[in-house]
Structures are given as structure tokens and as C-alpha cells.
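Protein chains in written order, with my numbering: chain H, 13 to 243; chain G, 16 to 246; chain L, 2 to 226; chain R, 2 to 226.
Please note that the accuracy of each hint is not assured.
[What the hints assert, rightly or not] Taking lysine-lysine pairs in the DSS-like style, the calculated list, with each CA pair at most 27 angstroms apart, reads: (1) 122/L with 152/H; (2) 6/L with 151/L; (3) 152/H with 163/G; (4) 163/G with 160/H; (5) 218/G with 151/L; (6) 110/G with 166/H; (7) 122/L with 18/L; (8) 6/L with 218/G; (9) 152/H with 218/G; (10) 110/G with 18/R; (11) 162/L with 160/H.
Since the hints were derived computationally from the structure, they do not count as laboratory data.
Here is what each chain is made of, one letter per residue.
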Amino acid sequence: MANKIRTALEAIAGLQDGMTIMVAGFMGTGTPEILMDAIIEKGVKHLTVICNDGGLPRGWYSDYDTPRGTGKLLEAGVIDHIIASHVGLTPLVGQGIIDDTMECTLVPQGSLVEKIRANNFGLGGVLTPTGVGTIAAEGKMQIEIDGKMYLLEKPLRADYSLCRASVCDEFGNFLCNKTTKNFNYLMAGAADHNIIATERLVKAGELDPDTFQHSGVLVDMIVEGEKPWQI
Amino acid sequence: MTMKIRTAQEAIAGLKDGMTIMVAGFLGTGSPEILMDAILEKGVKHLTVIGNDGGLPRGWYNEYDTPRGIGKLLDAGAVDHIIASHVGVNPLIGKGIIAGTMECTLVPQGSLAEKIRADNFGLGGVLTPTGVGTLAAEGKMQIEIDGKMYLLEKPLHADYSFCRASICDDFGNFLCNKATKNYNYLMAGAADHNIVATERLVKAGELDPDTFQHSGVLVDMIVEGEKPWQI
Amino acid sequence: MADLKTRIAKRCAKEFKDGYVANLGIGLPTMVSSFLPEGVHITIQSENGFTGLEGSVERGDENVEIINAGGGYVKASPRVNYFDSATSFGIIRGGHVDATVLGAMQVDEQGNLANWIIPGKMYAGMGGAMDLVVGAKEVIITMLHQQFNKKTGVSKPKILKECNLPVTALGVVDLIITEMCVIKVTDEGLLLTELHHDFTVEDVVAATEAHLTVSPDLKPYDISE
Amino acid sequence: MADLKIRIAKRCAKEFKDGYVANLGIGLPTMVSSFLPEGVHITLQSENGFTGLEGACERGEEDSEIINAGGGYVKVSPRVNYFDSATSFGIIRGGHVDATVLGALEVDEKGNLANWIIPGKMYAGMGGAMDLVTGAREVVIAMLHQQLNKKTGVSKPKILKECTLPLTALGVVNIIVTEMCVIEVTKVGLVLTELHPDYTLEEVVAATEAHLIVSPDLKPYDITE
């Protein structure tokens with residue numbers, strides 16, 4: 013059986029300047045930090061990043077906090093374009109837009125998740141009532157169904173998806189604890205190359221299979237070594 | 016706190032002739048048998064049933080087997096219209112169509128799942144490549160997105176949804192073992208009244224919350240007393 | 002000011018029925034859960050993926066895996082259930098949230114809402130706001146009646162004939178609760194249903210740009226326990 | 002007949018690469034997993050909601066919670082993962098299934114496939130077939146070359162210029178494996194790539210209604226171990 017286990021640097025060996033990546037997590041919670049670190053170490057630039065938000069900036073909760081999640085990529089200046097629902101916590105995005113060094117596309121959060129899921133699950137798009145009559149409708153097809161107006165939200169694709177698991181088996185079946193689930197069960201499978209960084213790696217069959225909540229067939233590479241965030 | 020726990024009869028007190036119901040399960044596996052029994056006991060007729068299939072007919076695996084799942088409703092002649100993906104296992108449907116006593120609408124299985132999820136999750140529809148150029152496309156809007164043709168699959172709604180849990184807490188958070196999941200995580204929430212029949216009922220907080228895989232906010236009523244199927 | 006916000010939160014709490022699933026915005030809306038009438042227990046949904054939010058957590062008691070939609074560490078109730086973002090927004094958009102309480106920059110006579118962007122000034126993103134106001138069965142706006150400009154000391158109406166900021170959604174607001182009054186959004190326009198005894202109808206009209214119809218059944222602002 | 006089906010299953014098995022995620026139809030297609038080349042391990046997907054199907058189950062060993070898409074009790078591998086139907090078809094439609102092997106009633110020159118309904122005769126429903134052939138990266142048709150009418154004893158071609166039965170999907174078939182030969186569906190039509198030593202080219206052409214292009218690189222039907 014093909015072995016999916018890699019080091020972080022091996023896993024992102026094919027990641028190149030200008031590529032599009034998806035990064036799971038909600039304000040840093042549920043983001044694969046060791047993959048963020050690997051991207052910075054490799055020195056990839058000009059990325060388009062699809063994520064819920066800009067992660068957390070330096071010193072967010074405790075003075076000594078490093079940035080978290082996509083906050084690391086923002087601080088390192090490797091993002092040209094961010095596609096997110098909310099970037100208010102990271103002043104670096106606003107600053108980047110003002111300085112014209114960064115582009116930002118805002119998508120309502122529920123639509124963002126459906127766009128990612130649509131790509132993962134082979135849908136040509138979904139119709140959502142969210143955003144009708146707002147800026148979020150600009151440039152989007154509108155379709156009236158049984159007297160109600162909807163926006164067509166098309167799939168979002170990426171070269172790589174970077175997700176984080178609490179426990180993952182060697183086949184890639186994984187689970188995420190508590191509120192670390194967020195985009196992890198959507199992005200894993202939505203890109204050409206799907207990488208999971210996990211806190212705990214187990215053998216297939218070691219745990220009750222029903223423990224796992226996302227399918228390993230959607231995972232291409234597994235990296236061990238995530239550590240719980242220390243408050 | 017509002018109590019959601021009911022007897023099977025109480026839970027379906029509002030179910031009337033001619034209503035539309037969703038019944039979870041795949042060839043009987045994962046169907047709420049005590050709710051099927053309650054429908055027969057109440058004598059409701061002329062139902063429109065949305066389900067993957069026609070359940071299992073009498074004597075399917077062992078000669079002494081009762082019908083399972085929707086098979087019970089078909090056996091009792093309580094179904095006027097079935098909306099399903101596959102009805103070949105239960106000959107009662109074919110007979111009903113030929114006799115002109117039953118209508119059958121076939122939907123590709125993946126589209127059926129998405130139509131139910133769309134209703135549950137407030138989408139106006141999804142675009143799927145499945146069924147383009149086939150009978151399944153008849154009467155459906157076709158939309159071309161970036162050069163590829165898709166069918167618009169609209170939401171399916173019901174008055175009641177009948178689901179089955181392996182374990183459910185008293186708030187309605189539930190999980191389904193193994194291959195009993197199928198439509199249970201999609202239908203619970205997709206109807207006006209959503210009933211879960213469970214094998215095991217626990218108090219909220221009794222188990223690790225991450226054990227549960229479907230949210231209790233999507234469940235209106237809980238009925239205890241499902242028994243594992245005996246082979 | 003803090004007193005006024007408490008007043009608004011107390012009045013808003015009366016809108017909740019036992020068993021409601023609610024989503025509360027950060028700030029004033031979050032305070033609402035502290036003032037629920039006796040016997041009213043609600044389940045709070047958090048956009049980032051759970052139901053059963055119980056409130057903020059003391060330093061030292063944080064669980065790094067339990068945050069709210071504002072990125073803050075929070076407590077979860079025993080009936081908490083965690084799910085992914087598609088399920089979270091499925092629950093929101095699917096009409097499974099009975100009520101959402103949010104602040105606003107502007108609300109207008111059509112029930113249009115603007116609360117996510119001030120072009121050139123505030124750039125945070127809509128987050129889950131657009132989905133919430135479209136999906137929740139009841140959208141309650143809690144806010145101070147006017148916008149106070151700290152530099153100039155001048156207050157400006159926020160309840161307008163027509164929103165001039167980019168809207169969050171069209172025609173979604175059901176109820177507006179301010180420190181002065183309660184206003185229902187109806188097909189015929191804005192209906193003043195309750196008035197706080199510190200203010201006259203004239204005071205409210207002067208602080209409101211939109212046309213207000215005074216309910217024939219106008220009642221005192223009800224924050225009795 | 003059983004021998005011919007084993008031959009077809011053995012040849013199909015050669016299409017699989019190590020690590021493939023595959024969905025096998027009931028009947029002949031299911032046999033394919035018994036003939037995988039050494040070192041090739043695949044993960045079988047079951048439409049009703051799991052990956053890691055291992056095969057049929059002996060009487061007495063059944064788990065009433067583990068069935069396959071045909072309603073039969075089955076065994077699972079240690080890396081099994083169970084999910085709901087939306088996820089199952091997400092995996093199928095999303096291109097995460099590398100190959101599906103299915104039988105057919107008819108296949109035509111454009112790779113159109115008919116395998117779910119004979120109007121007035123067979124009424125079962127498409128089940129997951131439409132999604133599978135639309136979503137899987139490679140669609141392998143495994144079938145006897147012709148349709149034998151048991152009453153009349155006459156055989157009729159199933160590989161046609163144009164399908165006459167209602168379609169399962171348009172232009173989805175990649176490869177057709179029969180007891181006689183292997184045919185690849187290309188943009189220019191059907192290309193005969195392998196011929197079994199029991200048959201001549203003329204016999205295959207006679208048993209096929211569709212136009213066949215004989216590959217300049219025509220090889221013997223390969224079922225070597």
C-alpha cells in the first residue's frame with residue numbers, strides 16, 4: 013500500500029511560487045502550524061490563500077504569542093491574494109490592501125464553506141440566499157427558484173490543501189477535537205494535493221473506525237508532529 | 016428546557032394522510048423501525064415517502080424476516096408516491112406502478128442526498144454533473160458553468176423526517192454506528208418535524224460530546240426503544 | 002452608557018422563548034444571555050462550529066480547542082455538539098437558528114441592514130453575518146439609537162429611510178431594540194411598539210431619520226423581571 | 002460462462018494501480034478484487050457510506066450494521082471509515098474514486114453508457130450508477146461481449162453505434178473489457194487494443210455493431226499473472 017507519511021518539507025516539495033493553497037482553521041484554531049512553518053522555511057512567495065480569516069497576529073492572547081495559522085504567512089509577506097470571510101483580526105491584511113501589496117476577496121463564511129465543499133464533492137456550484145442584494149453578489153450569477161432569488165456560488169479550487177487533525181491513522185482517516193473541526197473536514201480533498209498534519213498518528217485499525225470523522229481517501233499526505241497550542 | 020422525549024405514538028401524533036415523510040436508511044439498515052411500526056399502528060395512508068429505496072421486503076435474508084424500513088410501509092399499502100434512487104429490491108413498487116396504485120420518482124442517489132441536504136441547510140439547490148443527458152435531466156434546469164453542463168437539483172422538503180440513532184442524548188445530539196449513518200445525518204433537520212428513534216438514550220454530558228456526529232438543534236423529538244436488527 | 006447597554010440587553014432577553022437556538026453577536030448581543038427570564042433556557046450557536054456555548058472562561062480555565070466566533074476562549078455546556086463549518090452554516094442558513102441578535106451601523110424602513118463595512122474605514126469582512134441574517138428565523142438588532150461621533154460630539158441617526166452603507170442583507174430585520182424604544186419592521190414600515198419612560202415620542206422621532214408609525218397600542222419599554 | 006467472467010475480471014484487475022480507490026458493481030465487477038496483481042492494494046468504496054470494503058461475509062459472521070450497496074452483509078478492512086450519504090457521493094462525484102467497474106446493457110461509439118433501465122421490463126432505479134460513472138476518474142465496463150437471449154438462443158451486440166436504451170451518462174466510458182477483447186474509448190471512436198487468442202478480428206467485428214478501429218499496436222489479451 014502506498015505510504016502517505018511524509019515530513020513537512022517533503023509534503024510541500026511541489027509547492028511553488030504563485031500557487032493557490034487552502035489553509036484550514038478558524039482564527040488559528042485547527043490550523044496546521046508545522047505546515048505554515050515549512051512554507052516559510054521553504055521560502056515560497058506570491059501565494060493565493062483560501063482560508064476563513066487571517067489567523068492570529070503576534071501577541072494576540074498572551075504577549076509572547078507567535079502569530080498563528082495564516083497569520084504566520086501574512087507576517088512573512090508570502091501572500092499576494094487572500095480569499096477569506098473575515099480579516100479584521102489581522103491588521104496586516106488591511107495594511108496590505110492600503111499599500112496595494114495584497115489583494116483580498118471577501119466571501120460570506122457560509123458561502124466560502126460551500127464553495128470549498130462543492131469543489132471537494134464535485135458540484136458545479138450551490139445556490140445560496142446569502143448575499144443577495146449585497147456587495148457579495150457582484151459578478152455572480154443570480155437565479156430565481158420558485159420565486160426566491162439565489163446567488164450561484166461556484167467551486168473554489170487549490171493546488172494544495174493544508175489541514176490539521178487531532179488523530180489520524182496512516183491511511184488518512186482523521187478526526188478533529190471540539191472546535192478545531194471547522195474547515196478541516198471540507199478542505200481535505202478539495203485541492204490537487206491534500207496534506208494533513210496531525211497531533212497523533214495511529215495505525216489503521218488501532219482505534220474504533222467510527223472514531224474518525226473524515227475519510228482517508230481524501231488525504232494524500234500525512235505529516236506527524238503538530239503540538240497542542242500552549243496558552 | 017423543553018423536553019424532546021416522546022413515545023413513538025406521541026411523536027407522530029400530527030402525521031396525517033397525504034403527508035410527505037423522509038425515512039432514513041439504506042435497504043433497511045439505519046431505518047427507525049419503531050416509527051414505521053407506529054405509522055402502521057396509526058393507520059396513516061396515502062403517504063409520499065422520500066427514501067433511498069423501498070427498504071427490504073418480507074423474508075429477504077432469512078425466511079422469517081419481517082419487512083424492514085420503508086418495506087413495512089409498502090407492505091401495508093400506506094405509500095402513494097415514493098421518491099427514491101433504487102427500488103429494484105422491493106418488488107411491491109414495480110407491482111404498484113404497473114397496477115397504477117403507486118407513483119415512483121427516481122433520483123440519482125448522490126443527487127437525492129444533496130437535495131435533502133440542500134433543504135436542511137438552506138440552499139436553493141446544487142449543480143451536479145450527474146444525470147446530464149439522461150432521463151434524470153427531464154424537467155430540470157440545465158446550467159452551463161465554465162463550459163461544463165450541470166443539472167440544477169432543487170431541495171426536497173417533507174412534513175416529517177424519521178431517523179435512527181445508535182446513541183442519542185436528551186438534547187438530540189446523536190451518532191450512528193458504522194454503515195447505519197447513510198441518510199440519518201442529512202434528513203434529521205430537513206423536515207418540519209424531525210424525529211430520531213434511538214437504541215440508546217443518554218443524558219447530555221454523559222458522554223464525550225465529540226462522540227456525537229449530528230447536532231441536536233436539528234432534532235425536534237426523540238423516541239427510545241430501537242433494537243439492533245437480529246440476523 | 003454601560004447602563005443603557007444593559008437596558009437593551011434586558012429588553013432583548015424577553016424576546017427569547019424556552020428552547021430557542023440563538024446566535025449572539027460579539028459585544029452587547031452577548032450580554033443578552035445573562036438576562037433570560039426564569040425558566041427560559043436557550044442553546045447558543047457559535048459560527049465556528051458548535052452549539053452549547055455557555056459564556057466566557059476565566060484565565061487558567063481555557064481549553065485551546067474551544068473558541069467562539071470572535072476567537073475568544075469560552076465554556077461549553079454539557080449538551081455541546083461540535084461540527085465542521087459546512088454543518089455550522091447549514092444550521093444557520095437552514096433556518097435552524099430561531100433568533101440572532103446583532104448590532105448594526107444602519108437599519109432602514111425596508112428592514113435592510115448594514116453592519117459589516119464602512120468603505121475606506123473599516124475592513125474586516127462579513128464573516129458569518131450575511132448568512133446569519135438571511136438564515137435566522139428572527140433577526141433582532143440591538144444598538145444605541147444613534148451614532149455618537151467622539152470627535153465632534155454630534156449624534157447621527159442610524160435608523161434611516163434608506164441605508165447608505167453597503168448592506169449585509171435586504172429586508173431581513175424583524176425587530177430593533179435601542180435604549181429609547183422597540184421598533185418592529187412590518188410590511189408597512191417601521192412601527193414603534195414600546196417607548197422607554199425616559200423619552201417622549203418626539204425625542205425618538207427626532208433621533209430617527211426613518212418614518213415611524215406609532216402603534217395605537219404603544220406600550221412602556223418592558224424590562225420588568 | 003463462469004470461466005469467461007473470470008477471464009474478464011482478471012483482465013480488469015490489471016487496470017488497477019496500487020493505492021487506487023475503487024467502486025465495484027455487484028456481480029462480475031466484484032470478482033475483480035480477487036485477481037489484483039501482487040503488490041496492488043486497493044480501497045473499495047461502498048455507495049451506502051464507507052471505504053474499506055473487504056468482501057462478502059460468511060453466515061454467522063455478519064454485523065447487521067455493515068452492509069454493501071446491494072444490501073449484503075460484508076467484511077471491512079482495518080482502515081474502514083464510515084460516513085453519511087452526502088459524504089459518500091461527495092467522494093464519488095468529487096473525483097476521489099480512481100476507477101469504477103460496472104456492467105452494461107449497452108455502450109456506444111461515443112462512450113455513452115446504458116445500464117440502468119429497460120423501459121417496460123426492468124425497473125430498479127439508477128441508484129448510485131449515474132453519480133459513479135459521472136464522478137469516477139476511470140469508468141471500466143466489464144461485460145460479456147454480446148447479449149444472449151435465453152429464449153431464442155440468439156446473441157445481439159451490446160457495443161453499438163448509438164445506445165438505444167435510456168442513458169446512464171453521456172461519454173463517460175474509458176475502457177470496455179469483454180471475454181473477446183479490450184476496447185478503449187477515444188475521441189476518434191472505439192479502438193481495439195487487445196484481442197483474446199480464442200477469437201479472430203473478424204469475429205470481434207461481427208459481434209460488434211459499432212465501428213472498431215484496430216490499434217496499429219494490437220496486443221494479445223493480457224491475463225498473465
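Numbers of unmet hints, in rising order: Structure breaks hints 5, 6, 7, 8, 9, 10.
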